[in-house]
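The primary structure of each chain is shown beneath.
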Amino acid sequence: MHDSPNPANPFLSSKVAGRFFVGREPEIRGFENSLEALIRREPSHIYIAGVNGLGKTSCLAKLEDLARDREVLAVRVNLDQRASGHEQMKSMFETLITAADEVIELKAGAPRLMREWERGTDSVFRQSRDDRLRTDALKYDLRRLRDAVGPYVSGILVCIDLGERITSDALSALTSAVEPLPEYLIALTIRLPNDDGDPAGAGRQRLDEIAADAHRNLGASRAFGSAVGLGPFTPAQARECMLRRLEGRTISFEDALIDTIARVAERLPHRIVQYAHDVYNRAAQRGPEKASIAHFRQVFEATHRLEVGQARALRDRHASLDRHTLRELARHNGPMSPLDLAKAMHPQMPSDALEYFAAGIQGLLNRVTESSALCRKASGRFEVPDAVRRYALEICMEPE
Amino acid sequence: MSSAADMWRKRLESGEEHVVPGPLRAAMKFLLDAQIRGEGWAGYPHLPADLHVTAQVVTAARLFRHQAADVATGNAAVWIGSAFPSLDTTEDLISLLAVVEGQSDGTDTDGLRGKLAVNLGNGDPSTVLLARALLAAEHWPHVARATARPWVDRVLGRQLSDGSWSSAHLAEESVPVTAWAVRALAPWRDRREVATAADRGLTYLRSVLGKQGWTSPALTGTYVLTVVLRALATGSGQAELSEEGLDRLRLLQGPDGGWGGGPGEPSSSEHTAAAVIALAEFEAFRFVSLRLTRLTVAELQSELSELAKKQAVVNANIDAWVEERAGKILADRNRLQQRVDDLQASLKNARMIRRTVLLNLLKRSSVSAAKARRITVTGLMALLVVGMVVTWLNAIAMDRFGVVLRYGIAGVDASVTIALGYLIVRAEWRESHAVDGMAASFLMIDFIEMTDGLSARDSQELAYGLIREGAELPYDYAYRFFQEYIYRRKFPLIRMRQLDNWITAYLKADGKTRKEFLAHLRETLS
Numbered sequence: 001m002h003d004s005p006n007p008a009n010p011f012l013s014s015k016v017a018g019r020f021f022v023g024r025e026p027e028i029r030g031f032e033n034s035l036e037a038l039i040r041r042e043p044s045h046i047y048i049a050g051v052n053g054l055g056k057t058s059c060l061a062k063l064e065d066l067a068r069d070r071e072v073l074a075v076r077v078n079l080d081q082r083a084s085g086h087e088q089m090k091s092m093f094e095t096l097i098t099a100a101d102e103v104i105e106l107k108a109g110a111p112r113l114m115r116e117w118e119r120g121t122d123s124v125f126r127q128s129r130d131d132r133l134r135t136d137a138l139k140y141d142l143r144r145l146r147d148a149v150g151p152y153v154s155g156i157l158v159c160i161d162l163g164e165r166i167t168s169d170a171l172s173a174l175t176s177a178v179e180p181l182p183e184y185l186i187a188l189t190i191r192l193p194n195d196d197g198d199p200a201g202a203g204r205q206r207l208d209e210i211a212a213d214a215h216r217n218l219g220a221s222r223a224f225g226s227a228v229g230l231g232p233f234t235p236a237q238a239r240e241c242m243l244r245r246l247e248g249r250t251i252s253f254e255d256a257l258i259d260t261i262a263r264v265a266e267r268l269p270h271r272i273v274q275y276a277h278d279v280y281n282r283a284a285q286r287g288p289e290k291a292s293i294a295h296f297r298q299v300f301e302a303t304h305r306l307e308v309g310q311a312r313a314l315r316d317r318h319a320s321l322d323r324h325t326l327r328e329l330a331r332h333n334g335p336m337s338p339l340d341l342a343k344a345m346h347p348q349m350p351s352d353a354l355e356y357f358a359a360g361i362q363g364l365l366n367r368v369t370e371s372s373a374l375c376r377k378a379s380g381r382f383e384v385p386d387a388v389r390r391y392a393l394e395i396c397m398e399p400e
Numbered sequence: 001m002s003s004a005a006d007m008w009r010k011r012l013e014s015g016e017e018h019v020v021p022g023p024l025r026a027a028m029k030f031l032l033d034a035q036i037r038g039e040g041w042a043g044y045p046h047l048p049a050d051l052h053v054t055a056q057v058v059t060a061a062r063l064f065r066h067q068a069a070d071v072a073t074g075n076a077a078v079w080i081g082s083a084f085p086s087l088d089t090t091e092d093l094i095s096l097l098a099v100v101e102g103q104s105d106g107t108d109t110d111g112l113r114g115k116l117a118v119n120l121g122n123g124d125p126s127t128v129l130l131a132r133a134l135l136a137a138e139h140w141p142h143v144a145r146a147t148a149r150p151w152v153d154r155v156l157g158r159q160l161s162d163g164s165w166s167s168a169h170l171a172e173e174s175v176p177v178t179a180w181a182v183r184a185l186a187p188w189r190d191r192r193e194v195a196t197a198a199d200r201g202l203t204y205l206r207s208v209l210g211k212q213g214w215t216s217p218a219l220t221g222t223y224v225l226t227v228v229l230r231a232l233a234t235g236s237g238q239a240e241l242s243e244e245g246l247d248r249l250r251l252l253q254g255p256d257g258g259w260g261g262g263p264g265e266p267s268s269s270e271h272t273a274a275a276v277i278a279l280a281e282f283e284a285f286r287f288v289s290l291r292l293t294r295l296t297v298a299e300l301q302s303e304l305s306e307l308a309k310k311q312a313v314v315n316a317n318i319d320a321w322v323e324e325r326a327g328k329i330l331a332d333r334n335r336l337q338q339r340v341d342d343l344q345a346s347l348k349n350a351r352m353i354r355r356t357v358l359l360n361l362l363k364r365s366s367v368s369a370a371k372a373r374r375i376t377v378t379g380l381m382a383l384l385v386v387g388m389v390v391t392w393l394n395a396i397a398m399d400r401f402g403v404v405l406r407y408g409i410a411g412v413d414a415s416v417t418i419a420l421g422y423l424i425v426r427a428e429w430r431e432s433h434a435v436d437g438m439a440a441s442f443l444m445i446d447f448i449e450m451t452d453g454l455s456a457r458d459s460q461e462l463a464y465g466l467i468r469e470g471a472e473l474p475y476d477y478a479y480r481f482f483q484e485y486i487y488r489r490k491f492p493l494i495r496m497r498q499l500d501n502w503i504t505a506y507l508k509a510d511g512k513t514r515k516e517f518l519a520h521l522r523e524t525l526s
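Taken in sequence, the protein lines are chains A and B.
Read in our numbering, the first sequence has 257 at position 257, and its numbers run on one by one without any break.
Read in our numbering, the second sequence has 516 at position 516, and its numbers run on one by one without any break.
If we strip away everything but chain B, and leave its shape as in the complex, we get (with noise of 0.2 Å):
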């Protein structure tokens, strides 16, 4: 797809003309007439020609890229080269070099570009100068821009957190400096690091127009304006910011064709050349024609129709295609998934089943012990009645009847007195055996609600680790046993603590408990 994209690109460019619209064309007008004869630049008309203004107009003209500006340039770089026989500060070297730049004046540009790093590596120069050095070295041959690479580690290691930088130790000045520095890091993205500080540099720039807009005061004046613009043209997106700046520009200009330092100042080269770069630098002068653009639409619509047929076409063979290459896979598929899906759903049954099975033991023991209790309360409550008839019998026997009857009455007291004591120790001894047998059945069900969130191995493995060590291992041994096994298992805390308390309270269950609970689980596992 990005080839494709590439492709259609480069056919674009390929028919790319170089036009200068008119009123750029009136601004590369009001330069070449500004132009001091046989000099270079000054700022306003009537004074002296500057090397700063000179390389400003200089870098503008090269983009016009017009016969006129490329004599006018080539006269200026001769102008300067005797007109600056010494430099005294990095910025008249960095100007310097923007105009002798691809000029076969003899100028020793090798040995300037060695004097610009010796004197910035030596000082402590701003963010901005440093940035303007970046620019400069733009156009170098590959092996003279390494000489730049110290200077874009040192703007690098002055961007601030919020990804400005600063002119000082005043936040809401970062906005030109940030712009500077994002615009001189541009050609060195290929670095991931620069591209990263770039970009968070452009999401500063953006956040702060988005908040404060173009007529913020910070924003005020054409200069600060194109440079603004300049950053931002080297990002992508957020269209509508940058044409909104690109629109304040344009109407920046004056009649004359030229842009002053602000609204309604009169036209000065610098700050016209400053926006001849900005507009530039947005691609102001690169057109491609009607016709040809016309046409490529026109193939691209043909292409993309043909394209969609395709398309369709494809869409309509691919199930069948499927169907005949990977029918049978995809049924064998679909057999086993079925499967899987019906081994989960007895397995949740099972799960279900167990657990039914096990409340209903719990229940039954319940009842059983409640019916005990019932069948021992009825039989003692007969028993005593039947007790005080016989008792009060054999006390009206006493007088009136012979000792034959009296030690029958007797006879019968006390068998229902051994009937009574029966009943009682057979019922105390139901209850207590119901009881043991709920105590397994709490175990039995904490130990599934234990093991539920385990993997069946880990419940396996568990279930038969306390069937294997049975029922009667003494208690510190067994603690230790299974703290170990809970350890080595490396289960989740919560999961721990709750094996630790099961554990605990199996452990301290009386070994009938232990067995009847080790009985369940056999019969679980089984």
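Next up, chain A with everything else stripped away, as it sits in the complex (with noise of 0.2 Å):
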């Protein structure tokens, strides 16, 4: 957002939950399974699929930190996606090799695997020699590996980011190769480009269709038995979300608040943790003091100028009873009739005034969806397409 970095600010490093990591506890006992099956040699691959900012990252993360505690190496590699199937599984051999060596060092104290992979060809890695992807030599490579490090660690995790990056080569070959090599998990994360309510299936569609470009091999696919499909925080983990931060901090924040920034952020976790970084900042001008909704208003209307400067040149065309419609009409997710708007303001009206007033709205509503794309109508049903916006509305058609 707009805030200059402060590093005191418990919500700056945003990108990975890391320590601050709340909630997702069926995810998290589903990796705690798929750890114990590796450590069994009966793994399940494992994805995670979701919108932007939900998370997928700090919860491969927590992958990690699991696999970690049960001394699985765990090995994190990001795709280049301009590279080559063959170019990005040497990139991933590479960083494998580089964890191993750690790993071989500090329980044996003699790294060599980098040092034979960089004997070219001469070197008894086949990848190192070759110049096109083939999975023999992935598959004896990783093999070679496992044989190196195998005595050290229960199994070999690799967590891909930003796994539809990958070539449907890569994804075909690499699969094919751990596939007789029960030491080997691989996790990815898939991001997907928009909300349709059933990540999980989204994910495993896209995982699909990039198998598919690999002549059809929808095995390449289905070896990832494990679908992990991140959705929005849970009120309470929102809330947590927060509060785990803000913990032994000067500053707090007022429940109205938190509850605020779960509703606008729509739960996500990036957003809340944008908006909340945004709001400790200014908080933390002051001194030490107690975070309040003023707060978080300065900052929604210096980050979402537009709306909320639609949302005020709306209010100033408006009568007092209009405005007050259209604050309701923000209070509610989701599209609504006019006559369930009219009924949610006032249950106890008679039917026929009820109907009265309903055609008073609707008039309004047609108005407004018209002049302002702050409001839209579909199927004779009025919404605030966004939290955003729905924020912007709620504020300003407010009384001064």
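What the hints contain is simulated information worked out from the structure, not anything from laboratory work.
Accuracy of the hints is not assured; some may be wrong.
[As the list claims (entries may be wrong)] The following label-pair restraints were derived from C-beta to C-beta distances:
#1 A/Thr369 to B/Thr203: 29 to 35 Å
#2 A/Asp196 to B/His139: 55 to 61 Å
#3 A/Asn52 to B/Ala239: 57 to 63 Å
#4 B/Asp124 to A/Asp196: 40 to 46 Å
#5 B/Thr203 to A/Asp196: 51 to 57 Å
#6 A/Asp196 to B/Pro48: 39 to 45 Å
#7 B/His139 to A/Asp386: 42 to 48 Å
#8 B/Gly210 to A/Ala302: 32 to 38 Å
#9 B/Asp124 to A/Gly201: 46 to 52 Å
#10 A/Thr369 to B/Asp199: 31 to 37 Å
#11 A/Glu355 to B/Arg189: 44 to 50 Å
#12 B/Asp199 to A/Glu289: 45 to 51 Å
#13 B/Gln301 to A/Glu355: 57 to 63 Å
Note that beta-carbon positions come from the ideal geometry of N, C-alpha and C, so glycine has one too.
Starting from two chains that each stand alone, build the complex the way the hints lay out.
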């Protein structure tokens, strides 16, 4: 957002939750089961799917932490989207070798795999000599690496972040190569372009699409038996996400502020952290104090100038009752018919008066829909499309 | 003229009657029927009474000046006093003030005004809220109105360079806010800066309305239409534009007499009140009877006719009166004018003559030089022929005649040679004399050209300065002298350059040329 970094701000390192990781209990239980299965040499590869900002990378980091607790060698791999499958696998293997060498050095005091890899055509690693991707070479190399590091670890976890970047050839080769090697567990994240309510299914579809490009080898996709579909936090998790970071701090957040941030951020972890970061900075400017909704409003107005400007313009064009109606609409998440809105505003109203009032609301919302992007109409129902616009409308329609 | 116009206006206003036209009577009935018994007004039937809606309706009802309306607003004020013991927002405060203003129910209006001032002073109110507060202060007593002065300044400070006010950084959304500001500033127009700002705002609104018309999406809806109309009601001129808007507003009135939020929408008390206020501010309730209007027009026509007759008589007498009282002065003035014209013509003529004389002088000098050259060439040719003849005769005579004759011929030969020498010397002298004369003439012409644009005083001063300093000035001294003169007189730059060039040429000329030039100059001046 807009505020400059404040090293003391607990919401600063928002990319990966790390020690502030909260919630996702079912997912963590799934990770633990997968790791136990790996140790039993019955691995079931994992994919973690979700839209941007839901904490896929944080989940991957959590999985790595859990793996390390179980003496599993956990390696994080970042793939280059522009690289070929051969280059992606070579890059992944180099990362694996580096991590394995660290373990070997720690346990046996003589790292040697990287030296061997760097011998090029004279290396025992076949990929180092090849100029194209071959499954048998990858399998051979993975086996050699397993043999080298196997005595010191209980398994090898390969975590591929931004897994949607993997080429179909690489995915096909990797899954085929590790199939006979039960010491390996692959986990990859898949970023989804939009949230259709079933992230696990959408992730599977994306994997199928990648796999289908490699000679319709859907087996490459089916190798990933454990699906983790990430959705927004629950209200309790959203709350915990903020409170965990505020532990031991001189600045605290009011309960209403926490709820408001969670609502406006649609309980998406990265947006919660971003808003909370800016609110914390605002509150810190005046010394230790309790951050309130007033701080959040300042942050919100600075961050979403366009939406707030549109809402203010709408406010200035409407009478008080119309403003009240628009505020009520903004408080509801999802489309509403004018009659539903009238009922929500005045549940005790007689039905004929309700219809009269609803006709007035219908006229108002038709006019607003025509003149402003804040409100939209579909099938005779009206809604404010997203949480940011809802909150902009809500605060601007309040009496001053 | 203005006082006469005021007199007639006052005369018509003295017979003004408060008449509510049919459509507005229907609107009033709608509003009175919509009041919740013993309370205020709600937006729509069966909704709970609302402070802001009530304030809007009370403001409109007061414009009706109807007994039933007075009772209704009184009831509403009593209800509001009990229903809203504490006020949450500044808007609540403004609405409450609008309702209780002028009621003798014991409400501490001074306290409310003070609280409003504190609220607006502490926060960052929107322009519309400030405008609403200013509208509430419109009917406050003079002393209390001083409280609102800082709000006016804040509104003024928010005006944009194009004359508009904006809700936010969205230019297309400026119309309603600008309308609010213009309307709110209207009672403060006695301050020059306020009048200027309000006029600029009005110009902006008219410009937008002129370009987009009343059907623009930004003006859709009764409420915004009424706000813009109220702003236009504060200015004069462009009546067609306002009438178009008023027609549009009238068309939105429903069959029940009320107004809804937009075309075809169910009527609500708030929108109806807003429409009534806008129409009232366009003086929809103010009428003068037809009888009084006809009478006044007839009297005006009669008076105009009398005035026209009087004016004709005055016109007829005025020339005679002028001739009588001012005839001599007029004749003297004409004579003097004629003399000035003659003198100017003479001066122009003299200048022309002077120019002609100078050009003739130059021409004469040129002719003298050419003539001298011609005589010299002819004489030389003749002497050359004579010399050749004499030389041949001498050669022949040397063999055939005696000594005496030979000496005689030699003498003639010598005479011819001397005559030839004399002619050459004389021709050279005359040519050089003619060239010197030309140089002086050129200087003179340049001088005339150069001083042509100067005043007579400057020209004469320069000329006398040149004569006074004489022809034998040392170059450096003279140059400095004239430079100082030029700069002291502060001539235009182009004239200074011309003078500088001329003086340089003059000082570079030899003493004889300068003497001749000065002689010409003296001759011209005399």
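Hint check results:
no.	hint	verdict
1	A/Thr369 to B/Thr203: 29 to 35 Å	32 Å, holds
2	A/Asp196 to B/His139: 55 to 61 Å	60 Å, holds
3	A/Asn52 to B/Ala239: 57 to 63 Å	58 Å, holds
4	B/Asp124 to A/Asp196: 40 to 46 Å	42 Å, holds
5	B/Thr203 to A/Asp196: 51 to 57 Å	53 Å, holds
6	A/Asp196 to B/Pro48: 39 to 45 Å	42 Å, holds
7	B/His139 to A/Asp386: 42 to 48 Å	45 Å, holds
8	B/Gly210 to A/Ala302: 32 to 38 Å	37 Å, holds
9	B/Asp124 to A/Gly201: 46 to 52 Å	49 Å, holds
10	A/Thr369 to B/Asp199: 31 to 37 Å	36 Å, holds
11	A/Glu355 to B/Arg189: 44 to 50 Å	47 Å, holds
12	B/Asp199 to A/Glu289: 45 to 51 Å	47 Å, holds
13	B/Gln301 to A/Glu355: 57 to 63 Å	59 Å, holds
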